[in-house]
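Protein sequences appear in the order of chains A and B.
So the first sequence is residues 1 to 423, counted in our numbering.
So the second sequence is residues 424 to 846, counted in our numbering.
Incorrect hints may appear among the rest.
[As the list claims (entries may be wrong)] DEER-style ranges, computed between Cβ atoms:
id, chain 1, residue 1, chain 2, residue 2, range
1, B, Asn571, A, Glu118, 43 to 53 angstroms
2, A, Val173, B, Pro505, 38 to 48 angstroms
3, B, Glu630, A, Gly114, 15 to 25 angstroms
4, A, Lys86, B, Leu601, 49 to 59 angstroms
5, A, Lys122, B, Ile590, 20 to 30 angstroms
6, A, Trp49, B, Leu515, 37 to 47 angstroms
7, B, Leu601, A, Ile79, 56 to 66 angstroms
8, A, Ile79, B, Leu515, 24 to 34 angstroms
9, A, Glu118, B, Lys509, 54 to 64 angstroms
[As the list claims (entries may be wrong)] Straight-line Cα separation of at most 20 angstroms, PhoX-like style, residue types lysine-lysine; simulated pairs:
id, chain 1, residue 1, chain 2, residue 2
10, B, Lys624, A, Lys203
11, A, Lys122, B, Lys624
12, A, Lys349, B, Lys545
Keep in mind that the hints were calculated from the coordinates and are not lab data.
Note that CB positions come from ideal geometry on N, CA and C, so glycine has one too.
Number of protein chains: 2
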Amino acid sequence: MKNVNASIITIGDELLIGQTIDSNSAFIGKELNKIGIWVRHRVAVGDDWNEIWHVLDEESEKSDVIIITGGLGPTADDITKPLLCKYFSGKLVMNEQVLQHIKYLFEKVFHRTGPLAERNIKQAEVPDTCTVLHNPRGTAPGMKFEKNNKIFFSLPGVPYEMKGLMIEEVIPVLKEHLTLPAIIHKTFFTVGQGESVIADKIKNWEESLPENIKLAYLPAFGMVKLRLTAKGDDTIDLENQLAPYINTLREFVKDYLVAEEDLPLEVVIGKILKEKNKTMATAESCTGGYIAHLITSVPGSSQYYKGSVVSYANEVKENILGVNHETLRSVGAVSKETVLEMVKGVIEKLNVDYAVATSGIMGPDGGSTEKPVGTVWIAVGHKTKTIAKQFHFRFERERNIEQTATTALNVLRKFILTSESFA
Amino acid sequence: MKNVNASIITIGDELLIGQTIDSNSAFIGKELNKIGIWVRHRVAVGDDWNEIWHVLDEESEKSDVIIITGGLGPTADDITKPLLCKYFSGKLVMNEQVLQHIKYLFEKVFHRTGPLAERNIKQAEVPDTCTVLHNPRGTAPGMKFEKNNKIFFSLPGVPYEMKGLMIEEVIPVLKEHLTLPAIIHKTFFTVGQGESVIADKIKNWEESLPENIKLAYLPAFGMVKLRLTAKGDDTIDLENQLAPYINTLREFVKDYLVAEEDLPLEVVIGKILKEKNKTMATAESCTGGYIAHLITSVPGSSQYYKGSVVSYANEVKENILGVNHETLRSVGAVSKETVLEMVKGVIEKLNVDYAVATSGIMGPDGGSTEKPVGTVWIAVGHKTKTIAKQFHFRFERERNIEQTATTALNVLRKFILTSESFA
Chain A
1 MKNVNASIIT
11 IGDELLIGQT
21 IDSNSAFIGK
31 ELNKIGIWVR
41 HRVAVGDDWN
51 EIWHVLDEES
61 EKSDVIIITG
71 GLGPTADDIT
81 KPLLCKYFSG
91 KLVMNEQVLQ
101 HIKYLFEKVF
111 HRTGPLAERN
121 IKQAEVPDTC
131 TVLHNPRGTA
141 PGMKFEKNNK
151 IFFSLPGVPY
161 EMKGLMIEEV
171 IPVLKEHLTL
181 PAIIHKTFFT
191 VGQGESVIAD
201 KIKNWEESLP
211 ENIKLAYLPA
221 FGMVKLRLTA
231 KGDDTIDLEN
241 QLAPYINTLR
251 EFVKDYLVAE
261 EDLPLEVVIG
271 KILKEKNKTM
281 ATAESCTGGY
291 IAHLITSVPG
301 SSQYYKGSVV
311 SYANEVKENI
321 LGVNHETLRS
331 VGAVSKETVL
341 EMVKGVIEKL
351 NVDYAVATSG
361 IMGPDGGSTE
371 KPVGTVWIAV
381 GHKTKTIAKQ
391 FHFRFERERN
401 IEQTATTALN
411 VLRKFILTSE
421 SFA
Chain B
424 MKNVNASIIT
434 IGDELLIGQT
444 IDSNSAFIGK
454 ELNKIGIWVR
464 HRVAVGDDWN
474 EIWHVLDEES
484 EKSDVIIITG
494 GLGPTADDIT
504 KPLLCKYFSG
514 KLVMNEQVLQ
524 HIKYLFEKVF
534 HRTGPLAERN
544 IKQAEVPDTC
554 TVLHNPRGTA
564 PGMKFEKNNK
574 IFFSLPGVPY
584 EMKGLMIEEV
594 IPVLKEHLTL
604 PAIIHKTFFT
614 VGQGESVIAD
624 KIKNWEESLP
634 ENIKLAYLPA
644 FGMVKLRLTA
654 KGDDTIDLEN
664 QLAPYINTLR
674 EFVKDYLVAE
684 EDLPLEVVIG
694 KILKEKNKTM
704 ATAESCTGGY
714 IAHLITSVPG
724 SSQYYKGSVV
734 SYANEVKENI
744 LGVNHETLRS
754 VGAVSKETVL
764 EMVKGVIEKL
774 NVDYAVATSG
784 IMGPDGGSTE
794 KPVGTVWIAV
804 GHKTKTIAKQ
814 FHFRFERERN
824 IEQTATTALN
834 VLRKFILTSE
844 SFA
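Only chain A is shown next, with the shape it has when bound in the complex:
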């Protein structure tokens, strides 16, 4: 089995001074990994000619595929293109197709009037030693180079432009040009059990895995994803080899298993509701609309999701959700009684089959000895039954919100799957 290695090089001072988070590398790594290419290195360098040149030499020495992103924008600090031109001993030439595409974008998509700025025209110049990769989403084209039997791709740094080029151009080219190993991934998505507890449970089994099967732990906000990756020459053989390991791992984690795919909880819940042809809503206090955002980030969620009442202020809990003034006065907003009234209220007012409600103290302020920061009440229910649970998170605001949302979605998922049917 021949291994194909890749390096991802991201260019731009903004990555080094920390003003942008590099989400591109993760996406590129995932896509390459799917087709059996191992990313052995990921490097970020600034807009520095010598640094970039050095990194190109370094990485292409050890990797078969080099993917470069960033540094192709229209602004002055971009030096990637002239450098690549020199590196691959070519000269910049105007590419008519790219120029026409840039003109089209400015007129028809950006609705700009007047002539193109010089810097935008210059974006249509490409090294004559590259193959242009059409970028329908932006003005900077992708470029493919070859040198000493290594393949280089240069992609714009704008994530959705880069993603399009990866899927539509880079991956097909790689599949065609390279003989890639067979690779199979199997992900178990668990919620409700910690990484180390799971790790202890499967320690011996994990150590017994053969060389070509790897297990990866991916903990995040109360979930742990366990991913088995098998690499070999033949897909059928791999599937047969992997099958027993998959069954054993399924047994180990069955109590916390959410899905046997790498799917977000909001997608899992969407699938369940579409299957059951049921609807849902949310009533959010401490999560402040984040659960609604997660659910509506899924295309087609309008099929089952009616909406949310983000009742940040108590008067909204009273006036819109019908929470009793007396409840709020006596036990407060962060209480079992309040979340139960919230979930009942939203089921009735939004006329849905299922709902989940959250109320808690996310911090940094608002905590007390009885109700410290991280105290959260979550209620779920349908028209004839509601239940509430208390949780204690111990993180900073951002993570408390994410953990509360994840937990609420999982409590809802379990409730939908276990609650008896109803009219």
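Please build the complex by placing chain B on the supplied structure of chain A, with the hints as guidance.
Here is chain B on its own, set in the frame of chain A:
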């Protein structure tokens, strides 16, 4: 002026196979940059002994400060600690304080019963050649090493643990041990004008900047941040040198200027509302709660934010916000009339001073020739005045949602600042 260079090394296969996005490096880069340390390299390597060893040699050759994150978790795939132990010629010893802290976390914070797992006890073992950095937020301690006059820090990969250690331990140590150059940053946060248009406008001025003053462009979802960074020996001198450049840049961008700080729009709006002692709410259809999430992610937002009606389904627009059935029937949900009724409805129902409403088609489905994907109506208003604007975005779902939220917040910000006072 002596330059201090740093390298950030992130360890973990999960970064290379793209299952986690490396947000740590951005944070570390930002913090180092603030105190005048230039990050010249950022490298991600897998859980591979030789690769990690090689990268440590490589980076410490050229950088004065090396910050390593990841690979300190309790699971089997973590090899960072034994490697660092060998690399800095030490041996692993049990650290009593760390062990006590781990016990405390499991009992008091994680509320776990029973004895500690062996793998968790092992987390208290540290190389005897390191200085332990207390990590109050997690079980894995931070570590400081020194070798050939270079400083190395090893931090856990969990973002909020790493962040705490950077702020409370790493930065103070660096400030104390190193003579750092004076550095000043000035950020202009603009919305509503493209990167290349701004770049054209300031081209000549930008080229006239002295060596020690750099300009960075940071475009994102309809905003562009322009950041001036001046480096020198003396802060006062720098301020004097930078002042005229700041004034010129302010003039250039004054029409799109949102803030002279690197602040999210939701924070800017919060400041304005607190100043004016006014309240706000949101009525969201296509943004599905994302605007509410942005606003409530700001600590203390309950002072001015009452909530949101995420009216994803039309019946919610009617029943909760009081949008006329006839309006929805005749002109549809994505229309001027609907968003105007939505914003009026939410101002009245949630009894707030200001509100913003959104309705649009985010895609991938739901578009038509008259209303293609990306068509968005945004309305803002107060008790006696409401206005609506149409926008056309041309991105994929996720980015359309983000761009709509950013635009809506900016439309609201402008409205609050310009609308005449009212009872």
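Tested hints:
For the hinted restraint 43 to 53 angstroms between B:Asn571 and A:Glu118, the CB-CB distance of approximately 48 angstroms keeps it satisfied. Judged by the Cβ atoms, the range 38 to 48 angstroms given for A:Val173 and B:Pro505 holds: they are separated by roughly 40 angstroms. Between B:Glu630 and A:Gly114, the C-beta spacing of about 23 angstroms keeps the proposed range 15 to 25 angstroms intact. Look at A:Lys86 against B:Leu601: about 36 angstroms separates their beta carbons, and that is not inside 49 to 59 angstroms.
A C-beta distance of roughly 42 angstroms is found between A:Lys122 and B:Ile590, which places it outside the suggested range of 20 to 30 angstroms. A beta carbon spacing of about 43 angstroms between A:Trp49 and B:Leu515 agrees with the range 37 to 47 angstroms that was offered as a hint. In this structure, B:Leu601 and A:Ile79 break the distance hint of 56 to 66 angstroms, their C-beta atoms being roughly 29 angstroms apart. A hinted range of 24 to 34 angstroms for the beta carbons of A:Ile79 and B:Leu515 is inconsistent with their spacing of about 45 angstroms.
Taken as a hint, the range 54 to 64 angstroms holds for the pair A:Glu118 and B:Lys509, whose Cβ atoms sit roughly 56 angstroms apart. Our distance criterion of 20 angstroms between C-alpha atoms is broken by B:Lys624 and A:Lys203, whose separation comes to about 61 angstroms. About 17 angstroms separates the Cα atoms of A:Lys122 and B:Lys624, which keeps this hinted pair within 20 angstroms; it holds. Taken as a hint, the A:Lys349 and B:Lys545 pair is broken in the structure, with Cα atoms around 53 angstroms apart against an allowance of 20 angstroms.
Violated hints for the displayed structure, listed by number in ascending order: 4, 5, 7, 8, 10 and 12.
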